[in-house]
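*Asks:* Taken in order, these protein sequences are the chains called A and B.
Here the first sequence is numbered in our numbering, starting from 1 and rising by one per residue.
Here the second sequence is numbered in our numbering, starting from 1001 and rising by one per residue.
Hints are supplied without guarantee of correctness; some may be wrong.
[Stated by the list, open to error] Only pairs whose alpha carbons sit at most 25 Å apart, straight line, appear in this in silico DSS-like list of lysine-lysine:
| hint | chain 1 | residue 1 | chain 2 | residue 2 |
| --- | --- | --- | --- | --- |
| 1 | A | Lys-137 | B | Lys-1134 |
| 2 | A | Lys-137 | B | Lys-1122 |
| 3 | A | Lys-137 | B | Lys-1124 |
| 4 | A | Lys-37 | A | Lys-54 |
In short, the hints are calculated from the structure, not lab data.
Nothing here was measured: the structure is a model prediction, and the numbers come from that model.
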Amino acid sequence: MKIFIDPPNSLILFDLVERFGHEPLGAMAPIQDRIDKIELDMPPMNVTLDDVVKGLKYAGIEVPSGIRGRLALWGPLIDIADAAITMSEPPFNFGCVGCERSNEMVRYLIRRRGIPHLIIGYPEDGDEAKAVVGQIKEFLEGLK
Amino acid sequence: MSEERETRIFMISPNSMTTPDQLVREIHAMGKGVTAKETCYGTLVEGPRALVREVLATVRGKHPYDIYSKVRAYPTGDPRRCRAQHGTRPGYSQLEAEWELLPLIQHGLICSDKGEPFEVPKEKDKLPAEEFKKICEAIR
């Protein structure tokens, strides 16, 4: 099954979802599509001007272009996902998870689709890590 | 996603005894015809998707708890991302932060494979305003 991961570039989530036999939907696939098929002419940005327009499907015109650009990449993934896993409140706020408004929009879009959604936190000690891995495993096995 | 190329990050957990050099040698020794580039955190592997998946399966089989992997969008050595060519690395802060957490995930995976029961941690309550006020007044 296709599992949307949030943060979409999370190594931990991508690896765990794949380990437990599902297909993770992360930010890397749509970015690779853009790299292989069309030239990204504005590095370090991973989106084109067209993407910001496409993001209008997921966020209103009054929403900042940064959020629309992110949702242009992540929105289509949420549309095709069978389930989603969110690791909330990451202890770092750089890169694509740096915008809390985008993260809220992602959670809203997942809730609106009504797909199974697991929300967990980043582990801080061994017991929490055991619970995080256990919860992800149980959630993914329950989808089969 | 392209069926032709897959680039993968192989990240070694900080408490592993495997070094990036050993991992690259192991991947080269498999003779799959993929490109392996040694990095500070592990290795980048690039090649046709089927071959990269074979390498991934072998590496996971050999180092089930030591090495973690995800797809990378940009090809190896892409001038827009390669540090040698002063490329930007906007996702690196997250990778670094998650790298620090890998020993915990390793512990979680080992416990999960042993079938150990786990307790879901309770959600932390918000601090009541009165209590917060007391803390503020105590350190004023």
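*Asks:* Work down the list of hints and note, for each, if the structure agrees.
*Replies:* The hints, checked one at a time:
no., hint, in the structure
1, Lys-137/A / Lys-1134/B, "violated (42 Å)"
2, Lys-137/A / Lys-1122/B, "holds (19 Å)"
3, Lys-137/A / Lys-1124/B, "holds (23 Å)"
4, Lys-37/A / Lys-54/A, "holds (17 Å)"
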